[in-house]
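Fit chain V to the supplied structure of chain P, relying on the hints for placement.
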Amino acid sequence: MELIFERSKPGRYNQMIPDLDVPEVAIPEAFKRESELHLPEVSQPDISRHYTELAKQAHGVNDGFYPLGSCTMKYNPKINDEMAALPGFANLHPLQPLDTIQGALEVFTESEKLLGEITGMDHMTFQPAAGAHGEFTALLMFKAYHESRKDSKRHKIIVPDSAHGTNPASASMVGFEIVNVPSDEAGCVDLEALKAVVGEDTAGLMLTNPNTVGIFDKNITEITKIIHDAGGLNYYDGANLNPIMGVVRPGDMGFDIVHLNIHKTFSTPHGGGGPGCGPIGCKAFLKEFLPKFYPVATEKGVEFTTPSQTIGSVKGFYGHFLVLVRALTYILYLGKEGIPEAAHNAVLNANYMKHHLEDLYEVPYGGICMHEFVMSVEKIKKDTGVSALDVAKSILEHEMHPPTMYFPMIVPEALMVEPTETESKETLDEAIKVYRQIYEDAYKQPEKVHAAPANTPIRRVDEVGAARNPKIRYEFS
Amino acid sequence: MGLGKYVPATSSEQQEMLKTLGLSSLDDLYVDVPQDLKVTELNIPAKQSELEVRRHLTELADKNTVFSSVFRGAGAYNHYIPSLVKQIAGKEEFMTAYTPYQAEISQGILQSIFEFQTMICELTGMDAANASVYDGASAAGEAVNMVVGRKKNKVLVASTLHPMTIETIKTYAYGSDVEIELIPEVNGRIDQAALTTLLTKEVAGVLVQQPNYYGLMEEATEIGEQVHQNKSQYILSVNPMAAALTKTAREYGADIAIGEGQPLGLPMSFGGPYLGFMATTEKNLRSLPGRIVGETEDVEGNRAYVLTLQAREQHIRREKAKSNICSNQALCALTASIYMTVMGPKGLQDAAYQSYAKAHYLAEQLTEIPGFDRVYPGEFFHEFVTTCPVPAKELTEQLAKHGILGGLELENGLLWCATEMNTKEQMDELIAVIKEVCQ
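Top to bottom, those sequences are chains P and V.
Position one of the first sequence corresponds to residue 1 (UniProt numbering), numbered consecutively onward.
Position one of the second sequence corresponds to residue 1 (UniProt numbering), numbered consecutively onward.
For the record, the hints were derived by calculation from the structure and aren't laboratory data.
Bear in mind the structure is a predicted one, so any value in this text is a computation, not a measurement.
Even for Gly, the Cβ is constructed at its ideal location relative to N, Cα and C.
Keep in mind that the hints are not guaranteed to be accurate.
To be verified - Distance condition first, Cα-Cα at most 27 Å in a straight line; then the derived DSSO-like pairs of lysine-lysine:
1) P:K153 with P:K283
2) V:K5 with P:K425
3) V:K151 with P:K9
4) V:K38 with V:K5
5) V:K19 with P:K433
6) V:K154 with V:K170
7) P:K448 with P:K381
8) V:K5 with P:K336
9) P:K32 with V:K19
10) P:K78 with V:K5
11) P:K9 with V:K91
12) V:K47 with P:K78
13) V:K86 with V:K201
14) P:K153 with V:K393
15) V:K63 with P:K78
16) P:K78 with V:K91
17) V:K86 with P:K78
18) P:K448 with P:K382
19) V:K19 with P:K218
20) V:K393 with P:K300
21) V:K91 with P:K113
22) V:K151 with V:K47
23) P:K300 with P:K283
24) V:K170 with P:K153
Claimed, not checked - Reference listing, derived: stretches of chain P covered by chain V, where coverage requires no fewer than 3 residues with Cβ under 8 Å from a Cβ of chain V:
25) 9-23
26) 70-77
27) 315-326
28) 430-438
The following block holds chain P by itself, in its conformation from the complex:
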């Protein structure tokens, strides 16, 4: 496929704006650009074709099954996009007078009410740009909270060994020391191990429930109590909220702050990697530590306020507003009946797939799973040499996206499957057939699986070479 720069010819031009209608003014020599600006010079018809060609070589939820564990690749409703494109939202300058942005501010206050109810939290900030950014924001609030109490010894964050990689990374950015706690045989937090590590230096715990092996930790209230009793705070990583929304709330489980991945649970497009949206909700006692620009409804209308002990701002302006408009549209459409319905069916679909695969693919943490389950290809690899990567690459031949690979790290040769509620039984049955066929191939013709994929636009790539000799931009001759 040609690069856009390879389609370029000097002198091609698309007229977009009228000629200048005011006198010309010279730019002083001292500030003039010296080097030539190489940007594509391509006509509109060819630009259109270029991107259509790129689109054909992309796989989205709209192209086929996408059970990427931990990413909740559910259908992205089109009404959401239409609402976000309304000029009354899209064309608002962020620094307009308050009386001209009341509708936009109501998007914030209304979303706070709905998401607060779904999570069991009292207040929300919409400033964080993505889940990891929400984690970072929450940990800054942890730090500020302990400091406000002159409790300066609390420098450790406890993270289960099955946690998302962003948890320890976020804690590291806030200068916390990370303490890993092992999982027990059921894949849940080992209570004795947890009790052994908490103490006066515990700043808090970061946990996702259901956890990354798809199990709901039934000891959850005991876990959060151990942390609270030690003087720490509990942080809920909301990446796995989808299977429990409308069923059980993090706020009732004993969590003090929760982040949401709006682009996962609340159906907004993943966009090839973003933009996400990672609001955090907190209990009332943490309100004063929230970021700036906290919208509050008053008699005169909605106003921005600054919490008295705010941690500051984690980005410019107020957050990914247009992403939130999409989520609000989704929540109102589903309503109090549709939210739990989505959760139930996400869980049903995951269990149905697991049931039809676990006789072939080992599921190390059994029982009823939530929205996702993790299979291990370890035994298959031992028997045949076919790895989790090989299985994933074979799945590509069937116009399906593979599961998440090699995560969580507590499961060797892991494949993490999250079908979501928006997939039909027919799609699940088809995927089950494909996964079972690949298992058979692994034993009968492993070389075929090693060589997969055979029918994709490109074959397996040289990743080592890419990292050794990085070529990360096009060079103009």
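Structure of chain V alone, referenced to chain P:
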């Protein structure tokens, strides 16, 4: 019957699937959830049809005022967005994909990021750019974390940066215990004499914005020389539109270029989602945070693109990570690439030049009105500050009544902005209304 809320399973299918699992009801799926924690019913509105939701959201949108004439920038800029940009960026294949982990079926996304990285390198004059970060302000926070180390833990930040960027840097630094010191300003620009005394051996980097918050051009080359004499890294935050026409960050001597990409085809969107970009020289490549796409080959020797240099990321480093960034702004980056492609070098430079010329016309017309004087002398790009003879808020309220979003109220006046979107007619009308209000 189901609720019709994107869930395809019919009741009989649900029963059939439950039977397969040996369960009798959906509630049986939640055996691990303690009974006393379960929610009986959410206290949120009942489900609504698509039409009802559309009405509600449209009502909310209609409560806002969309100004036909915008003379306000300050971090969010009103530029023309060609039709093709919105159409292509709205393609479902781009919208509904995620991070391109599986290169074999993601070449379209990967190549578009490679093209974006190249265009950002072209705008900034740098060797390497990442796939984007959240926005310009968080890019500044990430850049600060990039330059500090064990021995040098201090970064000097120009007080002429956008206040929200300064705020964000301070918040990031509160987490990482990096020491931030503001470089004082004189006449709206960095006080270079003060900078000289602030440049000590603990200083890991210096962050400057060009053009600065007041729209003024800093003496960025001279500042860069001072910074390098002190063996510190020079971070320049640039406006990508201005960068098409003026010296690149590299030409000013910067080691790291960052900025807010919103002017490149993204609507003002009430502040987000926007697009943070980061670029640097080859020697800094491995400390650049965020996703990076590289060119390589597949097993048959075909050119291919893949996520690369991932050993820098939190997936591997976990406890030692300096950045936790996981998602990026891929769709916004794609939008910016399409925008730059449609505009081309000539079109982008024309839009930049028109913004420059129109801002200068506006400044000339405004300062002819008594009581409106430039607060800071010197060269500016497409923003400038004037005094205001009447209370600034009073003036902007009057302008709003005419459908005009006037300059942003600052402590000492108004921060004005013009772009290619402002016609001469609009500007003349603005001047006429101001004259009426102030007389």
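Do the hints match the structure? See the list:
1. P:K153 with P:K283: Between K153 of chain P and K283 of chain P the Cα gap is close to 23 Å, so the pair holds against 27 Å.
2. V:K5 with P:K425: holds, 16 Å
3. V:K151 with P:K9: Answer violated: K151 of chain V to K9 of chain P is near 49 Å, above 27 Å.
4. V:K38 with V:K5: holds, 22 Å
5. V:K19 with P:K433: holds, 20 Å
6. V:K154 with V:K170: holds, 12 Å
7. P:K448 with P:K381: holds, 14 Å
8. V:K5 with P:K336: Holds - the C-alpha atoms of K336 of chain P and K5 of chain V are around 12 Å apart, at most 27 Å.
9. P:K32 with V:K19: Outside the cut-off at roughly 73 Å; violated.
10. P:K78 with V:K5: holds, 13 Å
11. P:K9 with V:K91: holds, 26 Å
12. V:K47 with P:K78: holds, 17 Å
13. V:K86 with V:K201: This hinted pair is violated, its Cα atoms lying about 48 Å apart.
14. P:K153 with V:K393: Roughly 47 Å separates the two Cα atoms, so the pair is violated.
15. V:K63 with P:K78: holds, 23 Å
16. P:K78 with V:K91: holds, 11 Å
17. V:K86 with P:K78: Status holds; Cα separation ~15 Å.
18. P:K448 with P:K382: holds, 17 Å
19. V:K19 with P:K218: holds, 24 Å
20. V:K393 with P:K300: Holds, because 18 Å separates the two Cα atoms, which is no more than 27 Å.
21. V:K91 with P:K113: Distance of about 32 Å is beyond 27 Å: violated.
22. V:K151 with V:K47: Answer violated: K151 of chain V to K47 of chain V is near 58 Å, above 27 Å.
23. P:K300 with P:K283: Given that 27 Å is the threshold and the Cα spacing comes to 26 Å, the pair holds.
24. V:K170 with P:K153: holds, 23 Å
25. 9-23: holds (count 10)
26. 70-77: As far as the segment 70-77 of chain P goes, the hint holds, because 6 residues have Cβ atoms under 8 Å from chain V.
27. 315-326: holds (count 10)
28. 430-438: violated (count 0)
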